[in-house]
Amino acid sequence: MTKPVLEVTGLYKSYGALQVTRNVSLDLKPNEIHALIGPNGAGKSTLIGQIAGWITPDEGAVFLNGEDVTHESVASRSRKGLGRSFQVSSLAMEISARRNVMLSVQASQGSSFRFWKQTKSDAGLRDTAGSWLQKVGLGGREDIAVSELSHGERRQVEVACALALRPKALLLDEPMAGLGPAGSAQLTDFLEEIRREIPILLIEHDMDAVFRLADRITVLVSGEAILSGSVDDVRSSALVREAYLGEEA
Amino acid sequence: MQRTDAVPQPATLPGLNRETIVNGMVVAALLALPLWAFSVGEDYYVNLASLITIFAIAGVGLNFAIGQGGMVSFGHAAFFGIGGYTTGVAAFHSFEETLFIAAPLAVSGTNQMLLIWVVAMALCGIAALAIGAISLRTEGVYFIMITLAFAQMIYYFAISWPAYGGEDGLSIYLRNQLPVMNADHPFTFFSVCFVLLLGVIFISAHLSGSRFGAALGAARMNETRLATSGINPFPVKLTGFVISAMITGLAGALFAELNGFVGPSMLSWHRSGEIMVFVILGGVGRLYGPVVGAALFVLLETYIGEWTEHWQLLLGFALLGVVLFARGGVVGLIAGKPRHD
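Line by line, the protein sequences are chains B and W.
Per the numbering used here, numbering through the first sequence is continuous, rising by one, with the last residue being 249.
Per the numbering used here, numbering through the second sequence is continuous, rising by one, with the last residue being 590.
What the hints contain is simulated information worked out from the structure, not anything from laboratory work.
Keeping only pairs whose Cα atoms sit at most 20 Å apart, straight-line, the calculated EDC-like set for lysine to aspartate or glutamate is:
id, chain 1, residue 1, chain 2, residue 2
1, B, K80, W, E472
2, W, K586, B, E148
3, W, K586, B, D143
4, B, K29, B, D68
5, B, K3, B, D68
6, W, K586, B, E94
Turn these sequences into a full structure, and let the hints steer you where they fit.
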């Protein structure tokens, strides 16, 4: 059995009387796309928050490459190989796409406590960032301020930022949201391509994309993982149909 | 696309955009005033230029925290005052020929400015490390309030310390000394302040352009992005806060020399507000903004204050105008939006 790259065991999280995560365990193996689906309010965001490090779980643990990172900061998890994109792009809007990716590149190269050398004449830093942007299909758009880019392009910048850290696992939170059909198809192709290098935990509402991409699907309802299995398992499950796909299936 | 200037940039002078020209003119004006005053023997105006220069240094310090790091500190008077008191206390012990600390090791006063500056900046750095370590756990209006609270604590501490004048402050009877030159001479002292101002502006610009500066800027624009990129925002911001405090502390040390006096007013929250006014009036995040802001402040105070004590009403209108219509401050108004590469 292959060792999971990312593993979550027995997570619990409550806000007062409200249990938002109830005994959730899941893992992500090499070369795999594992989709996490669930209706609104199922606790997907809270779960993602705990995996990425913004929220500390009440119980349970998060392992990255076998290492317990439950109490590590967001930045430390990123450096250790957890790349992520956000539901609503989170970038520094005033500066260029390249400048955003350069932050990831400088983090991956080591310390940010370098006070003298100017980044604008640091060819290594600039070109590395540029090549990541080219890889996600933003060649020629590197030096445009992020605020001037479209939603789809911002998503691509975020993915470039994540890739620049040479992640071991990617956590993509609704990457298709706000993309048109063409953009969505393009991103699906791209994810197909990078999955061979980096496994992806995909949170997505676009069921076509999920069914096309995912090797495994975990269904989250009311904070609980009610089912984890193959695409066919999920499609044929009466439980899932009732709880989630009801109106769509 | 980012806004580009209507005037095409000559290819041979890539750095010479409108802001660079404005900056050059500001520096030239700041140098011209005391040069003229010196040539006609008007020491008063030389000292006025020194005051502007010193306030500008304080503003450059705060501007690094606000403009680069997004840390709106309302307590920078603490560092201005610590710088001032370092000068005052060192001079006091040097003049009285007493010891500052007797045991476990003897520390005497000194009248050497260079040494005083180093000590002042070091003390401000330590104070900022402590204040920042606590304050930077908060954000927004809470950060403003907690930095204010720390500054007020130091203010009341100074008031209740009778050995150094308490409420009355401390006079510096002889200006401290510099090697080679005569710091007592107004124009020499101005020149020293002027060189230091250019120095801190250069350092501030250089730090902003470094990897550290890129991280600090990202902490201002989007902390989530910075953390997700694998850089922990807290130590970056704390370092930025310490650097900012050290620069403002240097200004405090010079201010005490200029006035020959330190008092608790250097530490008061009015002073924090004034330093913030320099920054906002000139243009937050603009390299020479604090120079313009400090100059406008001092000139308004001097010339409008001459015929009405309500000169601050005018300052209020100026600030209102800047906040409402010119968010980039006066520099932004003249030079246009800042350019990013």
